[in-house]
Amino acid sequence: MQRYFNQLYAKGKSRRNLVQLAQKIAKRKQIDLTDETVKARSLFTWENSDSSMEVSVEDSLLHTLKQLHAGLLGVNPQNGAILTWIGGIDFSHYPYDQVLAKRQLASTFKPILYAEALRSGRKPCDYISNENIVLSDYDNWSPQNYDGSSGGSYSFAAALANSKNLPTVHLYFETQQERLKQLWNDLGFIDPLHEGPSVILGTNSVSMLELAIACSSFANGGKVVDS
Amino acid sequence: MDADGIEIYRKSPKAFPYVLEKTVSTQLNQILQKAIQEGTGASIRSTPLVALCLKEAQREVQFKRSMNSAYFASSASIDCEDFRDADLIDKVFKIFKRKETNLEDERKKAKKKKKVKGFFKSIFGN
Numbered sequence: 260m261q262r263y264f265n266q267l268y269a270k271g272k273s274r275r276n277l278v279q280l281a282q283k284i285a286k287r288k289q290i291d292l293t294d295e296t297v298k299a300r301s302l303f304t305w306e307n308s309d310s311s312m313e314v315s316v317e318d319s320l321l322h323t324l325k326q327l328h329a330g331l332l333g334v335n336p337q338n339g340a341i342l343t344w345i346g347g348i349d350f351s352h353y354p355y356d357q358v359l360a361k362r363q364l365a366s367t368f369k370p371i372l373y374a375e376a377l378r379s380g381r382k383p384c385d386y387i388s389n390e391n392i393v394l395s396d397y398d399n400w401s402p403q404n405y406d407g408s409s410g411g412s413y414s415f416a417a418a419l420a421n422s423k424n425l426p427t428v429h430l431y432f433e434t435q436q437e438r439l440k441q442l443w444n445d446l447g448f449i450d451p452l453h454e455g456p457s458v459i460l461g462t463n464s465v466s467m468l469e470l471a472i473a474c475s476s477f478a479n480g481g482k483v484v485d486s
Numbered sequence: 140m141d142a143d144g145i146e147i148y149r150k151s152p153k154a155f156p157y158v159l160e161k162t163v164s165t166q167l168n169q170i171l172q173k174a175i176q177e178g179t180g181a182s183i184r185s186t187p188l189v190a191l192c193l194k195e196a197q198r199e200v201q202f203k204r205s206m207n208s209a210y211f212a213s214s215a216s217i218d219c220e221d222f223r224d225a226d227l228i229d230k231v232f233k234i235f236k237r238k239e240t241n242l243e244d245e246r247k248k249a250k251k252k253k254k255v256k257g258f259f260k261s262i263f264g265n
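As they're listed, the protein sequences go chains A and B.
Residue numbering for the first sequence is 260 to 486, as defined by my numbering.
Residue numbering for the second sequence is 140 to 265, as defined by my numbering.
Any given hint could be a false lead.
Capping the alpha-carbon separation at 25 Å, the derived lysine-lysine pairs in DSS-like fashion look like this [as the list claims (entries may be wrong)]:
1) A:K283 x A:K272
2) A:K382 x B:K254
3) A:K270 x A:K286
4) A:K288 x A:K382
5) B:K150 x A:K382
6) A:K286 x A:K272
7) B:K250 x A:K382
8) A:K272 x A:K288
9) A:K272 x A:K361
10) B:K254 x B:K230
11) B:K161 x A:K440
12) B:K194 x A:K382
13) B:K161 x A:K382
14) A:K382 x B:K230
15) B:K150 x A:K440
16) B:K230 x B:K203
17) B:K251 x A:K440
18) B:K150 x B:K203
19) B:K203 x B:K161
20) A:K382 x B:K153
21) A:K382 x A:K270
22) B:K203 x B:K153
23) B:K250 x A:K440
24) A:K286 x A:K325
25) B:K248 x B:K230
26) A:K382 x B:K252
27) A:K440 x A:K361
28) A:K325 x A:K272
29) B:K203 x A:K440
30) A:K325 x A:K270
31) B:K251 x B:K230
32) A:K325 x A:K382
Simulated from the structure, these hints should not be mistaken for lab results.
Chain B with its partners taken away, still in its complex shape:
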């Protein structure tokens, strides 16, 4: 629309490609909501700009519909501790770990650690 409200361009509807699975998108959505509720984005909720934007957006029927859609799952479903101290396996790894490392070594170690942790977890559980 131009300044006089006259339509100057209409986009033809088309199907958009999936780049992420729905489950990944939902999980990421939950995590980003956690960022807004209790993480680094929490302070932005108190700014007038955000409050006004949300107020205006709530009037949009389509926006309200998308807010209620399955993609906007609550972050409350992430039910785990945010932080935990190093466990026994990590402490053992730390003893043998050099302080300096390089990219290639770290990639190899990440793969190896994943395998070893998986093995211990299969025996002892989480």
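Next comes chain A alone, as it looks inside the complex:
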């Protein structure tokens, strides 16, 4: 059961979903979680390395969810050599490679859009509007900066350095979509770039490996490597 929950968590199920699922399974198997059903398990403690304790199903689940699932990838940007590849925290417990797992790009997409804008003649000291905007053809979608600020304008460099959403949306409107898609493909991403302005908030899912290879061109004079 623990392994099953680990797999679901690694696939991106939220803690709330997993707790709800645990409650459903407990109900089906007639385990009363509210009475803190306990099960004897062998646990490590600093006092006694082979201690047997009783823990509830929920405790066990919460313990698993507290563990940070992380990976690390190091790539030499000049030749694509993999310097470090850490797929997860413990292969025996979580046989899931975070380096190849696809995740939404979120703000890591911004440098790609800004790279295209620089290619099209924008300069780091140009100013971009930070005014609010409501898109009627996208369910009145109104993007916001993470700090809720709006108004005035940010320098191109500061907008990217501070990951401002509103200037990025305004910049997106100036960008030629075909050129942006071409750059996306040239940088080596496998899946095609999504359509629509939400793409600038990083709705495409890519692996850490794809992203590292794409970003290597920023540190390599514009040459894109492969691994």
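Following the hints, put chain B in place on chain A, whose structure we already have.
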């Protein structure tokens, strides 16, 4: 290399294609360094993981060489204010701007605004 240090694969050297101009890559590099120094990435510099990675990376001759290369230009060369309040032209635009808009209109407006701003800038300067 495998766990015993035996070479199991050697990649043949090849020329990589340019997808960005060198100047664009340098500018982007400067901006991303700004992100690490004073932007959203500033807090990561205080994490032990990053400090240890940089310490190890400094030992790599090739890494040190690439850090000193022209591509790693300092972000100090970006010499402009981060933020400025709406100027007169923006305020005029704002009066006539509807709150709701759509993708196509915004694209057209972005093109038009660029032209008008360019015109005013050519007369009055920045």
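Pair hint outcome, K150 (chain B) versus K382 (chain A) [Cα-Cα no greater than 25 Å]: Violated - the C-alpha atoms of K382 (chain A) and K150 (chain B) are around 38 Å apart, more than 25 Å.
For the pair supplied as a hint, K325 (chain A) and K270 (chain A), confirm whether the alpha-carbon distance does not exceed 25 Å. With a Cα-Cα distance of about 16 Å, the restraint between K325 (chain A) and K270 (chain A) holds, given a limit of 25 Å.
Hint consistency between K382 (chain A) and K254 (chain B) [alpha-carbon to alpha-carbon, up to 25 Å]: Judged against 25 Å, a Cα distance of about 16 Å means the pair holds.
Given the proposed pairing of K325 (chain A) with K382 (chain A), does the C-alpha separation stay at or below 25 Å? 44 Å, violated
Given pair status - K361 (chain A), K440 (chain A), alpha carbons within 25 Å: Roughly 19 Å between the alpha carbons, so the hint for K440 (chain A) and K361 (chain A) holds.
CA of K270 (chain A) to CA of K286 (chain A), is that 25 Å or under? At roughly 24 Å apart (the allowed maximum being 25 Å), K286 (chain A) and K270 (chain A) satisfy the hint.
Would the hint linking K325 (chain A) and K272 (chain A) be met if the CA-CA limit is 25 Å? With a Cα-Cα distance of about 14 Å, the restraint between K325 (chain A) and K272 (chain A) holds, given a limit of 25 Å.
Please verify whether K203 (chain B) and K161 (chain B) have alpha carbons no more than 25 Å apart. Status holds; Cα separation ~20 Å.
Would the pair K272 (chain A) and K288 (chain A) pass a check requiring their Cα atoms to be no farther apart than 25 Å? Distance of about 22 Å is within 25 Å: holds.
Satisfaction of hint between K361 (chain A) and K272 (chain A), Cα-Cα up to 25 Å: 14 Å, holds
Holds or violated: are the alpha carbons of K194 (chain B) and K382 (chain A) at most 25 Å from each other? 33 Å, violated
Can you confirm whether the C-alpha distance between K382 (chain A) and K252 (chain B) stays at or below 25 Å? 17 Å, holds
In summary, the structure is inconsistent with hints 4, 5, 12, 15, 16, 20, 21, 29 and 32 from the numbered list given earlier, while agreeing with the others.
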